[in-house]
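So the sequence lines, in the order shown, correspond to chains W and E. Remember, our numbering sits 5 above the position in the first sequence when you count from 1. Remember, our numbering sits 5 above the position in the second sequence when you count from 1.
Bear in mind the hints are in silico, worked out from the structure with no lab data behind them. Computed from a predicted model, the values in this text were never measured in an experiment. Some hints could be false.
Identical chains blur together in the list; that is why a pair holds if it fits in one copy or across any two.
[Claimed, not checked] In silico lysine to aspartate or glutamate, EDC-like type, Cα no more than 20 Å apart, as pairs:
| id | residue 1 | residue 2 |
| --- | --- | --- |
| 1 | Lys-517 | Asp-57 |
| 2 | Lys-8 | Asp-477 |
| 3 | Lys-289 | Glu-385 |
| 4 | Lys-208 | Glu-180 |
| 5 | Lys-96 | Glu-243 |
| 6 | Lys-145 | Glu-481 |
| 7 | Lys-96 | Asp-125 |
| 8 | Lys-208 | Glu-60 |
| 9 | Lys-111 | Glu-454 |
| 10 | Lys-252 | Glu-481 |
| 11 | Lys-545 | Glu-523 |
| 12 | Lys-361 | Glu-248 |
| 13 | Lys-276 | Glu-172 |
| 14 | Lys-525 | Asp-57 |
| 15 | Lys-509 | Asp-63 |
| 16 | Lys-372 | Asp-508 |
| 17 | Lys-8 | Asp-80 |
| 18 | Lys-111 | Asp-257 |
| 19 | Lys-346 | Asp-319 |
| 20 | Lys-237 | Glu-268 |
| 21 | Lys-545 | Asp-57 |
| 22 | Lys-517 | Glu-60 |
| 23 | Lys-237 | Glu-22 |
Number of protein chains: 2
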Amino acid sequence: MIKIALAQLNYHIGNFEQNTRKIIDNIKRAKQQGADLVVFSELSICGYPSGDFLEFSDYIHKCDKALEQILPYCDTVAAIVGAPHRNLSGKGKPLFNAAFFLENQKVKHICHKGLLPNYDIFDEYRYFEPATSFHVTEFKGKRIAISICEDLWNLNDNPLYTGNPMEELAQQGAEIIINIAASPFSWDHRTERETMLTQNARKYGLPLFYVNQVGAQTEIVFDGGSMAINPKGEITEELSYFEEDFKIFQVDKIISQKGRIPEKGEDEKRKIEVIYQALILGIKDYFGKIGFKQAILGLSGGIDSAVTMAIAADALGAENVLGVLMPSAFSSDHSVEDAQKLAENLGCPFYKIPIKNTTDTFEAHLKPWFENLPFNVAEENIQARTRAVYLMALSNKFGHVLLNTSNKSEAAVGYGTLYGDMCGGLSVLGDVYKTDVFRLARYINKDKERIPVNSITKPPSAELRPDQKDSDSLPEYDILDPILFNYIELRKSPGELYQLGLDKEVVDRVLKMVNFCEYKRYQTPPVIRVSSKAFGMGRKMPIVARYLG
Amino acid sequence: MIKIALAQLNYHIGNFEQNTRKIIDNIKRAKQQGADLVVFSELSICGYPSGDFLEFSDYIHKCDKALEQILPYCDTVAAIVGAPHRNLSGKGKPLFNAAFFLENQKVKHICHKGLLPNYDIFDEYRYFEPATSFHVTEFKGKRIAISICEDLWNLNDNPLYTGNPMEELAQQGAEIIINIAASPFSWDHRTERETMLTQNARKYGLPLFYVNQVGAQTEIVFDGGSMAINPKGEITEELSYFEEDFKIFQVDKIISQKGRIPEKGEDEKRKIEVIYQALILGIKDYFGKIGFKQAILGLSGGIDSAVTMAIAADALGAENVLGVLMPSAFSSDHSVEDAQKLAENLGCPFYKIPIKNTTDTFEAHLKPWFENLPFNVAEENIQARTRAVYLMALSNKFGHVLLNTSNKSEAAVGYGTLYGDMCGGLSVLGDVYKTDVFRLARYINKDKERIPVNSITKPPSAELRPDQKDSDSLPEYDILDPILFNYIELRKSPGELYQLGLDKEVVDRVLKMVNFCEYKRYQTPPVIRVSSKAFGMGRKMPIVARYLG
Chain W
6 MIKIALAQLN YHIGNFEQNT RKIIDNIKRA KQQGADLVVF SELSICGYPS
56 GDFLEFSDYI HKCDKALEQI LPYCDTVAAI VGAPHRNLSG KGKPLFNAAF
106 FLENQKVKHI CHKGLLPNYD IFDEYRYFEP ATSFHVTEFK GKRIAISICE
156 DLWNLNDNPL YTGNPMEELA QQGAEIIINI AASPFSWDHR TERETMLTQN
206 ARKYGLPLFY VNQVGAQTEI VFDGGSMAIN PKGEITEELS YFEEDFKIFQ
256 VDKIISQKGR IPEKGEDEKR KIEVIYQALI LGIKDYFGKI GFKQAILGLS
306 GGIDSAVTMA IAADALGAEN VLGVLMPSAF SSDHSVEDAQ KLAENLGCPF
356 YKIPIKNTTD TFEAHLKPWF ENLPFNVAEE NIQARTRAVY LMALSNKFGH
406 VLLNTSNKSE AAVGYGTLYG DMCGGLSVLG DVYKTDVFRL ARYINKDKER
456 IPVNSITKPP SAELRPDQKD SDSLPEYDIL DPILFNYIEL RKSPGELYQL
506 GLDKEVVDRV LKMVNFCEYK RYQTPPVIRV SSKAFGMGRK MPIVARYLG
Chain E
6 MIKIALAQLN YHIGNFEQNT RKIIDNIKRA KQQGADLVVF SELSICGYPS
56 GDFLEFSDYI HKCDKALEQI LPYCDTVAAI VGAPHRNLSG KGKPLFNAAF
106 FLENQKVKHI CHKGLLPNYD IFDEYRYFEP ATSFHVTEFK GKRIAISICE
156 DLWNLNDNPL YTGNPMEELA QQGAEIIINI AASPFSWDHR TERETMLTQN
206 ARKYGLPLFY VNQVGAQTEI VFDGGSMAIN PKGEITEELS YFEEDFKIFQ
256 VDKIISQKGR IPEKGEDEKR KIEVIYQALI LGIKDYFGKI GFKQAILGLS
306 GGIDSAVTMA IAADALGAEN VLGVLMPSAF SSDHSVEDAQ KLAENLGCPF
356 YKIPIKNTTD TFEAHLKPWF ENLPFNVAEE NIQARTRAVY LMALSNKFGH
406 VLLNTSNKSE AAVGYGTLYG DMCGGLSVLG DVYKTDVFRL ARYINKDKER
456 IPVNSITKPP SAELRPDQKD SDSLPEYDIL DPILFNYIEL RKSPGELYQL
506 GLDKEVVDRV LKMVNFCEYK RYQTPPVIRV SSKAFGMGRK MPIVARYLG
């Protein structure tokens, strides 16, 4: 009658004091509530991903010290804790990604990860040596197969890997599967994850306990969703998504309990809702973990800044989100009205700073060189950059973090001003295509008009020259976004895009823009990742290349 | 009497047309000059590193097509060409990093790379499956051991790897070693590379032919330096550094020829000279490969912008480098004079735009909120950002690329204004510590005073407030730089730094600044890499972490 507690926690990378305290608190809690074993997520001691801090011997030393501090609390309750483990064999990378089994105040067993993900945002081969042999852990008369995240992602059909840790553990008579993970959120990933885990439970006919990290680490959101699965492959119990949680399960009960089977199509149904939740957590943790409370952003009256402000207000409190209206000579009256109405609807403070005097000053000083040359992107960008100077001045004076309001569609094609509207400490919508920004706006407005309807219904415009529309420079977003999705998320070739019925001339122009604008994206803020392929650390493109250009 | 040609070329990533033409031209050249075999560098077909383009099936298809175009030229001369090769086994990553041996217009043999580097700027496990078996290639009665770059970097003492391809090839009776590489430059790497290669030749008692890529790929500089080594482990012949080269060697002659042994200490001696050369190539190729000719930069009268301008003038031609002097209320007279003298000395055009009117306009509009608050970093940054707006306006109007002038010391501690002086398409000095910037300045002035001596001798200042000096905020650079070097390049812990005799309070403050400013560096331009650990793609640090903070 083993009782297993799952502790789904939000760790702060490198903050050993806080992480250790959280782990100890939850060991105590598990003990008080009569658990035999409490399980924490992958690399919980230091937080995932720790990046190149793992290359600092001192950092690993601090992980070891934290484990020592935790050990005394594992007396009548055992614990599984994730931490790096030094590879002392003298062969291979200097660390293993490990699960430490702590029992009777001792390290009873150390399990190493075998399948190291090294794609998209993952680069575990950079730090870790993969394990090549796997051993079950005996605990209270039961054989436990402890695996680490990706270790369960091979049902002998994953072309990425040649090994299969779980197969080996099953052959040793495993009776319970435990998987500790740091599995990042993307809107289309939940069903895939549930399917992989339930298939493992069913294949081996064993109960499975899964603990995922929760919380955002700059751009990566970990969504939690830890769970218990019965040997038929049904999800019997679940922990929360997007927040810390703690639950205790009786193994016998899980084995006999009925549950649900993951269903295809669920991801698509909840897409906008979970993107909204992920963005909230992304903002909350970015601010919380760097110790800032207040955000600032420019309000144009358009939909991107409106959605960004609404989400920021929900994450940080409306009073902590300052909007700045900065109309230029080309701003329409409705833009200013819509922006002001937005701030009022949400209850956010706002300032108004007209920028015409400032841009006039810039242009006057540039007259010796610009005279007689036509108004073009240079003058357009002066407006966007003047706004950035105002926003950053306020940010510097009062300690607000500037939120970037660019969406994924414009970031993709470079429709934005570097050091202008592309500024910010964090990009909220940088992984959300424009067509989904519209859906988010409607979701935010589902109970009442928080975002002025006019901001949603009017044609998108940067308003940097008279009567400008996005569609002057770009295909309509319902044509653009599918091209981008197929190229960025699905890595389709031009030929495959034509076959989808997309216009060749438009496809070629769009792909050329995407590749050419790599230099702009290189300098943009971290983007909260909500898709399977976000700009940033998970997409590594050369700048000086000439492919499809 | 085999004759081997080494073709050390500068490839453009993804530019299949140009790369293929270069390869074909050099096959023809080898044939005309009577070579039996011509060898090209690692992944020469597509250029190295191709990044996530390798995830596009279409990109690999284009590599295959290029190989088909090359084949007909390999009639009386054979060729070794680097290209990705699809892994059709259904197990492991979808590609191999391969060397194609082309003979009699056919692909005679394909060798796969076994040791995949996955550290610093390398992430080959992201794309490639490592080979686990290796086979010599028979050519004109000789057994040739073809290896790819890192494959020779294990003399059974490299802890990173468990395998040793060359050992296996030697056991098959190899008679000649050929290594095709894409080995990046850093100022302290040449001797290490020469030592590794000569030790291989000596250990196996075989002649070794090494072909490296040359040319810069955004931030990474490949320095060439291809060579032939005799079986005693002496370098008998060398190709140029930092430029394309082509040479033919008679294998028998190389075997009997005397050569030199790599000497420790050489790297330190030539450090400043090779950094200068690498920066020249870095600028040249960045501009050349994106198709731009002209650069712009802000001139402060200080040493960083002076050194940047001198190097840019040497790379692009003085007439193509535009300096802009933008004195503020806090600029000293000598700053303007020094900047003007610099441009005149170098023969570069320069514009002068005083910024006081513009910053006054910003401050006037901010008065409702800033009134009665002390002048601080907000007002300082307005000056730096105003300058960036002017520079980018000129860049946008006339098509100049803005060069960033930040040095590595200030980038490390965040002593710079985001969206201000941290702007630019390319950072020239971002991997050069301030103390080395001084050395570079003296090197540039070795024949005559190109950089005004006053710019070198006066105390560094950002001049953003009255009588400001860098040393108001930072330790002196001869104290700061060793701390940074030990922490960044050598990954030493605070404890180890104290043991070097560095002041604890200073060390703690500096390391805290370095870690805290990750958010700034995230948004800075690509940095030309000249050290073993540059900011950018080779150093992956989380932003929201709290380590040593």
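Going through the hints against the structure:
In this assembly of identical chains, Lys-517 and Asp-57 lie within 20 Å of each other by CA distance solely across copies; the values are 16 Å between and 33 Å within a copy. Proximity of Lys-8 and Asp-477 under a CA criterion of 20 Å is satisfied in neither setting, with 63 Å inside one chain copy and 60 Å between copies. Neither within a single protomer nor between protomers do Lys-289 and Glu-385 lie at most 20 Å apart by alpha-carbon distance, with minima of 33 Å and 30 Å respectively. Taking CA atoms no more than 20 Å apart as the test, Lys-208 paired with Glu-180 passes inside one copy only; the shortest distance there is 13 Å, against 51 Å between copies.
With identical chains, the CA atoms of Lys-96 and Glu-243 are never at most 20 Å apart, being 40 Å at best within one copy and 33 Å at best between copies. In this assembly of identical chains, Lys-145 and Glu-481 lie within 20 Å of each other by CA distance neither inside one copy nor across copies; the values are 63 Å within and 61 Å between. Taking the shortest alpha-carbon separations for Lys-96 and Asp-125, only the inter-copy value of 19 Å comes in at or below 20 Å, while the best intra-copy value is 27 Å. When the C-alpha separation of Lys-208 and Glu-60 is checked against a cutoff of 20 Å, the pair qualifies neither within a copy, at 38 Å, nor between copies, at 31 Å.
In this homomeric assembly, Lys-111 and Glu-454 never come within 20 Å of each other (Cα to Cα): the closest approach is 58 Å inside a single copy and 69 Å across copies. For a Cα distance limit of 20 Å, the shortest separation of Lys-252 from Glu-481 qualifies neither inside one copy, at 48 Å, nor across copies, at 54 Å. Taking the shortest alpha-carbon separations for Lys-545 and Glu-523, both the intra-copy value of 10 Å and the inter-copy value of 19 Å come in at or below 20 Å. For the homomeric pair Lys-361 and Glu-248, neither the shortest alpha-carbon distance inside one copy (45 Å) nor that between copies (50 Å) is at most 20 Å.
Taking identical chains as interchangeable, the C-alpha atoms of Lys-276 and Glu-172 are never at most 20 Å apart, the minima being 34 Å within one chain and 53 Å between chains. With identical chains, the CA atoms of Lys-525 and Asp-57 are at most 20 Å apart between copies only, with a shortest distance of 17 Å across copies and 25 Å within one. For the homomeric pair Lys-509 and Asp-63, the shortest alpha-carbon distance between copies (16 Å) is at most 20 Å, but the shortest distance inside one copy (55 Å) is not. Proximity of Lys-372 and Asp-508 under a CA criterion of 20 Å is satisfied in neither setting, with 42 Å inside one chain copy and 52 Å between copies.
Taking the closest pair of Cα atoms, Lys-8 and Asp-80 come within 20 Å of each other only inside a single copy of the chain (15 Å); across copies the shortest separation is 72 Å, beyond that limit. In this homomeric assembly, Lys-111 and Asp-257 never come within 20 Å of each other (Cα to Cα): the closest approach is 27 Å inside a single copy and 64 Å across copies. Within a single copy, Lys-346 and Asp-319 get their C-alpha atoms as close as 17 Å, which meets the 20 Å cut-off; across copies the closest is 55 Å, which misses it. In this assembly of identical chains, Lys-237 and Glu-268 lie within 20 Å of each other by CA distance solely inside one copy; the values are 15 Å within and 66 Å between copies.
For a Cα distance limit of 20 Å, the shortest separation of Lys-545 from Asp-57 qualifies both inside one copy, at 17 Å, and across copies, at 5 Å. Proximity of Lys-517 and Glu-60 under a CA criterion of 20 Å is satisfied inter-copy only: 17 Å between copies versus 38 Å inside one chain copy. In this assembly of identical chains, Lys-237 and Glu-22 lie within 20 Å of each other by CA distance neither inside one copy nor across copies; the values are 40 Å within and 56 Å between.
In summary, the numbered hints that this structure violates are 2, 3, 5, 6, 8, 9, 10, 12, 13, 16, 18 and 23.
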